[in-house]
Amino acid sequence: MTFFKQAGAIFWKDVLTEFRTKDAVTSMLLFGLLVILMFHFAFEPDSMETARFGPGLLWMTFLFAGLLGMNRAFAGERENDGLQGLKLAPISSGAIYLGKMIANLCFMLLVEAVILFCFAFFFNFNLLPRLGWMCGITLLGTLGFASIGTILAAVSMNTRMSDVMLPILLLPIALPVVIGAVESTAAIFTDPPGEALGFWVKFLVAFNIIFITLPLMMFEYVLEE
Amino acid sequence: MADAPVVRLEKVEKWFGRTSALQGVDLTVQPGEFLVFLGRNGAGKSTLLRVVARLVRPNSGRVEVCGIDVLRYPEAGREKLGFVAHSSYLYRNLTAFENLQFFARLYGLKEPEDRIHKVLRWAGLEKNALRPIHGFSRGMQQRLSIARATLHDPEILLLDEPFSGLDLEASELLGEWLESFVANGKTVLMATHDLEQGLQGARRWAFVDQGKIAEELPGTDADIRDQYKKFLKEKRRDVF
Amino acid sequence: MNRNLLAWATCATMLLSLYAIFMYAPTELTMGAVQRIFYFHFASHWVNFLAIFCVFIYSVRFLIKRDRELDIKASSAAEVGLLFATIGLLTGMFWAKPVWGIWWTWDPRLTSFFVLWLIYWGYLMLRRLVESPEQRARLSAVFGVLGAVDVPIIYVSNRVWRTQHPQPVIGGGEGSGLDPRMGWVVALSFLAFTLLYFYLWKMRQDLERAQETVESLTRQSQFKGFA
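Protein chains in written order, with our numbering: chain Y, 1 to 225; chain F, 1 to 240; chain V, 1 to 227.
Treat the hints loosely; a few may be bogus.
Looking from chain V toward chain F, a few residues come up when the C-beta cut is under 10 Å (computed) [what the hints assert, rightly or not]: (1) 131; (2) 133; (3) 134; (4) 219; (5) 222.
Honestly, the hints are just simulated from the structure, not real lab data.
Note that the Cβ used here is the ideal one computed from N, Cα and C, for glycine as well.
Between the sequences and the hints, there should be enough to build the whole structure, so can you do that?
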């Protein structure tokens with residue numbers, strides 16, 4: 001129980017700190033909107049094309065906005081060496097990982113909810129009939145991204161070019177999440193929902209289980225000095 | 001009555017790549033001692049403290065804190081230590097109260113509110129408890145940092161150059177406070193590169209040079225002054 | 001294994017293999033002489049997976065034991081792995097162009113190769129950008145484990161993705177209608193490349209150990225006041 005209480009303390013601290021400035025969430029959101037704008041001019045999708053490319057464009061937007069926000073988790077600790085303070089406390093590394101991961105997840109979901117709405121708005125995409133499914137898949141995909149993103153953000157933080165390292169490390173490993181999320185999203189918008197949906201959802205769940213367990217086990221090695 | 005040593009280091013070595021930080025350190029500290037590590041920058045004082053605090057894992061040697069082998073059981077006994085470094089480990093956008101609340105939760109304190117108010121009162125920060133700390137002066141931040149380090153009532157307090165950036169008044173206040181900490185039976189280990197204000201309570205001195213404890217002396221800070229100057233002159237070989 | 005013995009064994013099997021590939025193997029019906037690249041491609045594919053498996057095993061063992069030897073083994077495996085991944089990608093491309101007229105196809109094998117190539121790069125870049133050697137070893141071991149575990153997952157996701165988005169297949173199917181002589185040549189090239197991998201891996205490790213010795217001597221001389 002203490003494990004979850006401590007993870008909760010880390011989560012609460014991260015949320016409260018972000019809530020004071022709202023820097024990360026606003027920049028993620030703005031970036032997401034800019035990406036949508038770029039996509040419009042780069043692809044100019046008509047309604048047929050929007051239906052075909054929509055899931056991909058949507059998840060690309062989530063991905064880019066997410067990458068921006070991922071650094072937040074540990075950048076905020078850098079200023080007053082907060083991470084050292086955490087390492088001193090009788091708290092397991094796993095709890096630090098979990099707390100930060102859930103915080104990252106929440107910020108990303110918040111931004112994604114707004115981006116989703118804007119996407120539907122800008123591209124005249126009707127989400128309502130499949131909103132429930134959409135939420136579920138967004139959760140699964142974002143969880144996958146946040147789970148590896150959090151540990152890799154901690155890893156990159158120790159390098160000389162931490163901002164660049166994170167995407168280099170994260171994107172190849174997160175590829176299955178992107179594939180799974182895009183395919184699931186595409187599947188729910190075909191009528192009837194594609195049979196592949198079942199596979200991809202199970203795939204994402206399996207991915208999440210593996211890539212939450214592994215970081216939980218290995219996070220202490222990242223924090224050591 | 002000989003109590004078990006509260007800190008024990010045996011042949012501790014630490015190197016970072018090609019640089020040797022600690023070269024075979026042996027140290028025993030009894031409970032209630034106030035020990036100061038003196039030495040120039042880069043001598044290894046900070047690394048020594050961080051090894052005791054378990055922030056740094058030595059490459060070889062044995063480290064025992066309150067009788068626990070900390071290399072085999074790194075999680076155990078962390079609540080017995082408090083560490084004050086140059087960085088405050090605090091979060092600038094949270095208030096003083098919120099910062100302490102966070103640490104109270106991490107340490108699993110039983111009645112956090114009472115304890116928080118107590119340390120805030122000691123640190124003279126009660127009036128500023130609800131201000132975000134980015135507006136705090138260096139002295140206030142340092143006081144809050146010490147409040148954070150003592151929130152969980154640790155047995156041993158480790159301080160790494162805590163006087164840097166403090167004015168005369170703040171230094172004296174810190175010195176008095178350290179004395180009272182020791183008077184309550186706690187142990188203080190401190191690293192500093194100069195004989196500054198506020199060291200009136202210290203009774204044991206270790207001169208650190210090139211990753212080793214070169215000399216150990218008892219006495220008050222007044223007694224040690226000349227000895228330390230001599231020590232620095234002898235060791236002045238490759239400074240320039 | 002004795003390095004010289006390994007060197008001779010590698011040399012011998014490589015020569016044999018090259019002979020087999022160019023002289024012994026029959027010319028393929030549709031693709032012609034170009035198809036011989038397939039032996040190199042397939043063999044490097046195998047070595048690629050061998051290499052990432054080594055990275056995985058030694059990364060895990062390093063995190064448990066913290067022995068620098070294990071870190072040397074893991075990082076050397078990654079470097080050699082990158083080499084073979086590059087060979088795999090290039091042979092794939094040089095095979096595709098004359099046969100299908102395109103330089104690249106998002107065939108799941110080739111794509112997985114590419115992603116693994118990127119993971120190797122990420123691993124090596126990570127090592128370059130971390131200052132402290134202990135941290136370097138630890139962080140790359142963590143990434144090595146994550147990357148290696150992900151490789152089969154990446155492959156599966158690519159395969160299933162392909163069923164929804166058909167692409168030209170570069171592998172020509174899983175050993176479909178292979179002439180028995182070709183089978184022998186494949187086996188021989190696998191053996192030759194495996195030996196080559198172990199040889200290069202050993203050489204890289206020896207180089208790393210020599211560097212370690214230099215560092216340790218520098219440290220000792222610092223202690224004695226010479227440096």
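| query | Does the interface hint hold: is residue 134 of chain V within less than 10 Å of chain F, judged Cβ to Cβ? | reply | Because about 8 Å separates residue 134 of chain V from the closest Cβ in chain F, which is inside the 10 Å limit, the hint holds.
| said: Using the nearest Cβ pair, does residue 222 of chain V come within less than 10 Å of chain F? | reply: holds, 6 Å
| task | Have a go at the residue 133 of chain V hint: is there a Cβ in chain F nearer than 10 Å to its own Cβ? | result | Holds: closest Cβ of chain F sits about 5 Å from residue 133 of chain V, inside 10 Å.
| said: Tell me if the interface restraint on residue 131 of chain V is satisfied: Cβ within less than 10 Å of some Cβ in chain F. | reply: Holds. Min distance 7 Å.
| said: Interface hint check: residue 219 of chain V, Cβ to nearest Cβ on chain F, cutoff 10 Å. Holds or violated? | reply: At about 6 Å, which falls below the 10 Å cut-off, the nearest Cβ of chain F leaves the hint on residue 219 of chain V intact, so it holds.
In this structure, every one of the numbered hints holds.
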